[in-house]
Structure formats: C-alpha cells, structure tokens
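Add chain B to chain A, keeping to what the hints say.
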Amino acid sequence: MVTNPDKLPRAWLPSVLFSLFPFGNYVRVRGPFLKLAAIDYVILALYFLFVLGIGWMLRRKISTSSDFLTSGHSVPVWITSLAFLAANLGAQELVGMSGNGAKYGIITAHFYWVGAVPAMIFVGLFMMPFYYGSRARSVPEYLKLRFDEKTRGLNALSFAGMTVFSSGISMYALGLLLKLVLGWSFTTSVLCSAAIVLAYTFLGGLTSAIYNEVLQFFLIVFGFSPLAIMAVLKAGGWSGMSERLRAMTLPTGHSGEVMVHSWRYLAHTADNPMGIEVFGLVAGLGFVMSFGYWCTDFLVIQRAMAANSMSASRRTPVIAALPKMMMPFIVIVPGIAALALSQMGVGYHLPMKENGLPDYDQVLTTLMGKFYPAGMLGVGLTGLMASFMSGMAGNVTAFNTVFTYDIYQSYIRPGKPDHHYLSVGRVTTIAGVALSIGTAYLAQSYNSINDLLQLVFSFVNAPLFGTFLLGMFWKRATGHGAFFGLLSGTCAAALTHGLTVAEGKGGWVAVLHQFPSSMAQNFWIAISAWTVCFVMTIAISLASEARPEKELVGLVYSLTPLKHDEGVSWYKRPVPLAIAIGLLALFLNFWFA
Amino acid sequence: MMDLRIPSGSFFVLLGLILVGMGIFTPSERAALTEANVNLYCGLVMLAFGGFLLALAWRAVRRQS
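Chains A and B are the protein sequences, given in the same order. FYI, in this note's numbering the residues of the first sequence are 1 to 593. FYI, in this note's numbering the residues of the second sequence are 1 to 65.
Bound-form chain A, shown alone (with noise of 0.2 angstroms):
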C-alpha cells in the first residue's frame, strides 16, 4: 500500500535519511492499528541483514553432521543459557503472555514462577548429568541407551510431530502480525518469514540459531522493556494500576483485586477468571506440565547439551530461569497496565473483535502504537518478529536433528557415511520448514494459541515425564514399562480430553464433567497423563526382566558418581547458583501473592 507523497509528513525523517533512503518519501504503509514509517523498515531491514549474516559467517565451520545437528559440544555457557530461554520465548510468550495478562492478571505469572523456575533448576541440577554424559545426541536417544528402541521411536515421531506444530503456531502468530502491521496477505507473510528462517537454519545449522536465539533475547529486552515501563508508569505504578482494577468488575464478574494477587484467589476455581484451582495449578501446572516441557522437551534439552562442559550444560538451564522469572514484567505486567490504561480515558482503548469481544492477542501491538514513535516502534515490530522466528528455528533445528538421528539413521537408513547424514540434514530443514507452513494455517481455527499449544504439550509431554523421571532415578525401569507407560498416559491425556469439555472443546467421546476453562482442562490432562504414565510403567516393569545394573551406569542417578565442581567460585557451580535463583523465585512469589 503506498499513499500519495503529498499527504505524508516529513518532518519527523532527517534530510540526511532521506538522501540515503529516497524510498522513505513515498512508503508509509497504514495497517488497522500500526503506521511503520521508513525508519521502521530501516531498523527491520537491519535486523534481517545480521541475522542472515551470522548464518552466512556460520557456514564455513558446518563439515560434519554433528556440526550441524548439535553444534559439536562447543558453545559458552552465557549463549547457550540465552538461546535456551529465546527457543522457547515464541508466539505463546509476548503476544499471548501480555493478552493473557490483560486476561487474567497476575496470576498469568504462574506459568514463568510456578511453571517454569522449579522445573528449569531440576533440570539442571538432576537430569543434565545423564543428557549430558550419556553422550546421547537428543532425548529420544537417551530413551534408547536408558531403555529401548521402541521408547526412542514412539517419542522420536511424537516429538517430531509436536515440534511442527509449534514452529506452525510460531508461524500462524507471524503471519496474523505481519497482516495487521504491513498489510501483506497471511500467505506472503507465513512464507516470507519461512524463507528467513530456512535460510540461516540452512546455512549454519543448530549454532547459527543458538547464536540468532541470543541476538532476539536482546532485542525482544531492549524492544520491550521500555514498553513495559512507560505503560506501568502512564498507569500509575502498580499501586496506581492496583487502585483503578479495584474499581472496575470484570466481564466474568470478578473484582479487579484478583488481576494483581498471584495466589489470593485461588481456592476455587470460581473464584478467578482463569478458572484455576491451587491443586491443579501447583500439580498440573508447576508439577506435570512445566516439569514434562523443561525437562523433557528436546527443543530446549538440546541448547544445554550444545554446551561445552559438563558443569556449563548443567548451569545452562539454572542461568536461564534468571532472566525467565523476569520475563512476566516485560510481557504480564503490560497486559495489565493496557487493562487498567482503557479505564482511564487517556485514549487507549482494548482492542475488540468484531463480536464485540476484546481481542487479547492484539493488546500488545495497540499499546506499541500508542507508546513508541517512529525507530523505537521499528526496534518493537522487530523484536516481535523475532520472537517468532526464534520459536520457529528453535522447532525446526530440534526437529532436524530428531528426524536424522532417530528417526532416519535409525530405521531408514542406517550406516552411511556422515557426509550422507549431513545433507539429510540440511534437506529436513527445508522439509520441516514446508509442513510447519502446513500446520500454520491448522492455528487458524484456534482462537487462543496459548491455550492450544498448552494442549498440545499436555497430550505428548505429561506423560514422558514420568518415563524420565522413572528411568532416571529408579534402576528397575525396563523398555516394556516405559514405552506401554508412555502410550497409555497419552491415551489417557486424550480420554480425558474426550470426556471433558471446557470452553466448548473437548467431549468428543461424552461430556462427564465441565470445566470452567480450557486452563484447568489442561492442567487436569496432564495430571491424569502423568499419573497413568506413572503408575503403569512401574506395574509393567516390575512384571519384566530388569536390565543388568552394569549396563545403566552413566544413565541412572543411583548408579552414576557425579563429579563436584570443587574449588571454582560459587556462581560457576551449578548448586550454589541453583539455589540463589531458587530464593529469588520464592520471593517473587510471596511478593506478589
């Protein structure tokens, strides 16, 4: 869309640009919401050019496919801490967070404090010991080594199978984005922001996105911290922002004191709009669900096992829980002020749909509008694309290296030569790339993507949990009992599913109980996975032969010497950072409880 010339206003764009870009005289798109001006595109256009840059830099050092797949055991700590936490700050993170925030209130912050801190501190401490020194090149490989072929298979294809339909949703996220602010079709969009991805995941394979993962972590700090600020600030601090959600009841007919205590309202489901109840959340959520991401999950387990040491792929995900429990007061916190904004007549209003709903999911890009001018509001769209991006690499270079590993070395074509598993490989990038564009366009039946991707986690990571947690830390665990565990625990994510209905999903087999919201069906499909999982893969290993202890040292906590860091300072051992960031967690829970 381009504007006549003569209307548009120059004053704000130095002569200087003008000379350098004369394309900035005549472009200035008018989206619904957004006006991105030439600077915008600047700012866009150089984010892109880095970003392919590092890819094309990376491309020398890829000759193997362990170079390529698993970036060879050789990234820093720092990089591999930021990259953990940016593959998995994708679409559900910026735009469902602050829609969730201004939703829900605070207690949305449960799923960083609650649902993500204990589990990525475990992770570290507990389980990276046996990723790590088992030398496995994924998690579906550990399942081989710990228990059977048949294990690794079932979690290779339902992982693979997950890991699309996220870098889809990712993808789904983009393409709605890039309608609204540039006016492109959905189509162009979703396939433009493929290429971009495909071509440094292509060229430079799991270390070019690792190192693309940090360079977005930033950006998505510096784009929307000050967003964050101005709109706490405009709002009145939070005491400010408390006092006028005091005083407005919300259209679920709570009162606005439950948008901002975390744990106050939580004895009965009807007691918050998100229809939460405090044993769900803390067993559901904080236990089953963020447990059965954080610690099983490849997508996030591969940027720890990239690591260069031991001791650095353990402290890897215990680092990223610091900047993870701070993540609320960039994305939440917003959501609430923009809530509290469209009470105070300045001029913001939330975002509706055309049912006269509020349209959640757009309360971030609005309150960009209203805050940043032309640059910062550039430097906002960019770190919003790149947002997607990252959750959508992240995906796409996890289910590469699933795919070849486990999945084609394993049953396709077993004992080529390493240059053969390289260029399968690179042509899976392509081939993931092409059905995640498939499953973007699935996303646009689903009204809320937090939701649908919380259900998707909970039909295939519930119950692995369990399986990891058994092969672990419990040497009698055989192949039978986990692989039998895992699939009736996944039976039983999508039973529970079909006899329940919340939201009107869910009941396709009969409607036995009504949840109040699609959150607590979540939470209670995964409790019921997990428990299944649970107690019938014990059953069904202790009817089977168990395996000789020799051959589970290196993958069974009890049978396993773990190495202590002696004598380095405290912030480089993985315990003693473990439990300041622990501490720092449960202060911000009692804080805003």
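Among the hints, erroneous ones may be present.
[Unchecked claim] Far from chain A, some chain B residues (derived; all Cβ distances over 12 angstroms):
hint, residue
1, Arg5
2, Arg62
3, Gln64
4, Ser65
[Claimed, not checked] Simulated coverage check for chain A against chain B, where a stretch passes if three residues somewhere in it have a Cβ under 8 angstroms from a Cβ of chain B:
hint, stretch
5, 226-235
6, 368-376
[Stated by the list, open to error] Sample of chain A residues at the chain B side, in silico, Cβ under 10 angstroms:
hint, residue
7, Ala37
8, Val42
9, Ile54
10, Met57
11, Ile210
12, Tyr211
13, Leu215
14, Phe222
15, Gly223
16, Met310
17, Val346
18, Gly347
19, Leu350
20, Met352
21, Val379
22, Thr382
These are calculated hints, taken from the structure and not from any lab test. Bear in mind that the values here come from a model prediction, so they are computed numbers and not experimental data. No residue lacks a Cβ here, since even glycine has one placed at the ideal position from N, Cα and C.
Frame of chain A, contents of chain B only:
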C-alpha cells in the same frame, strides 16, 4: 568459533546510533501516550549495551594475544 559479542554488539551500536539520531534530529516525533523522547533514551541505552559487548570482545582478543 565466532565471538557472538562482535555481531550483536555492532548491531546494537548501529541501532542505538539510528535511534539517538532520530531523538536528536526529530525531537518532535512523539507517540500518542507519552511525553518522553523515547527514541533518544532507548537509543542511548542500546548504544551503551552494544559498546559494552564490543568492549568485552575486544578485551578477550587482547588477552588471547
């Protein structure tokens, strides 16, 4: 392995320069809901951060040689 601090540091230095330039040459550019010169302040912070990363990378190179 390439030192990531060099490309990310240069990126933020460039970004910071663009924003500070915007803040200085077009101080009238304001968003609807704020009085602050957002570009100038954010640009200065990014410039400092990018410079910090580059300084760290420079120090690492000097130590090695």
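Each hint tested on the structure:
At roughly 9 angstroms from the closest C-beta of chain A, the C-beta of Arg5 of chain B falls inside 12 angstroms, breaking its exclusion from the interface. No beta-carbon of chain A comes within 12 angstroms of the beta-carbon of Arg62 of chain B; the shortest separation is about 18 angstroms. No beta-carbon of chain A comes within 12 angstroms of the beta-carbon of Gln64 of chain B; the shortest separation is about 14 angstroms. Distance check for Ser65 of chain B against chain A: the nearest CB is about 19 angstroms away, which clears 12 angstroms, and the non-interface claim stands.
Judged by the Cβ-Cβ criterion of 8 angstroms, the stretch 226-235 of chain A is covered by chain B as claimed, because 3 of its residues qualify and three suffice. Interface restraint, the stretch 368-376 of chain A with chain B: holds (8 residues with C-beta to C-beta distance below 8 angstroms; minimum three). The beta carbon of Ala37 of chain A comes within 9 angstroms of a beta carbon in chain B, closer than 10 angstroms, and the hint placing it at the interface holds. Checking Val42 of chain A against chain B by beta carbon gives a least distance of about 7 angstroms; that is within 10 angstroms, so the hint holds.
Given hint, Ile54 of chain A at the interface with chain B, holds; its Cβ is 6 angstroms from that chain's nearest Cβ, closer than 10 angstroms. Hint status for Met57 of chain A relative to chain B: holds, with the closest Cβ pair at about 6 angstroms, below 10 angstroms. Satisfaction of the interface hint for Ile210 of chain A is found here, the shortest Cβ-Cβ separation to chain B being roughly 9 angstroms, below the 10 angstroms cut-off. Using the Cβ-Cβ criterion of 10 angstroms, the hint placing Tyr211 of chain A at the interface with chain B is satisfied: the shortest such distance is roughly 5 angstroms.
Among the interface hints, the one on Leu215 of chain A holds; its C-beta lies about 5 angstroms from the nearest C-beta in chain B, closer than the 10 angstroms criterion. A least Cβ separation of about 6 angstroms between Phe222 of chain A and chain B falls short of the 10 angstroms threshold, and the interface hint therefore holds. Restraint check, Gly223 of chain A versus chain B: the minimum CB separation of about 9 angstroms is within 10 angstroms; hint holds. Look at Met310 of chain A: its Cβ only gets to about 19 angstroms from chain B, farther than 10 angstroms, so that hint breaks.
Look at Val346 of chain A: its Cβ gets to within about 6 angstroms of chain B, closer than 10 angstroms, so that hint holds up. Satisfaction of the interface hint for Gly347 of chain A is found here, the shortest Cβ-Cβ separation to chain B being roughly 6 angstroms, below the 10 angstroms cut-off. The restraint placing Leu350 of chain A at the interface with chain B is violated, with a minimum CB-CB distance near 14 angstroms, outside the 10 angstroms limit. The closest approach between the C-beta of Met352 of chain A and any C-beta of chain B is roughly 18 angstroms, which is over the 10 angstroms cut-off, so the hint fails.
Given hint, Val379 of chain A at the interface with chain B, holds; its Cβ is 7 angstroms from that chain's nearest Cβ, closer than 10 angstroms. For Thr382 of chain A, the suggested interface contact is upheld, since its CB lies about 9 angstroms from the closest CB of chain B, less than 10 angstroms.
Checked against the numbered hints given earlier, the structure breaks hints 1, 16, 19, 20 and satisfies all the rest.
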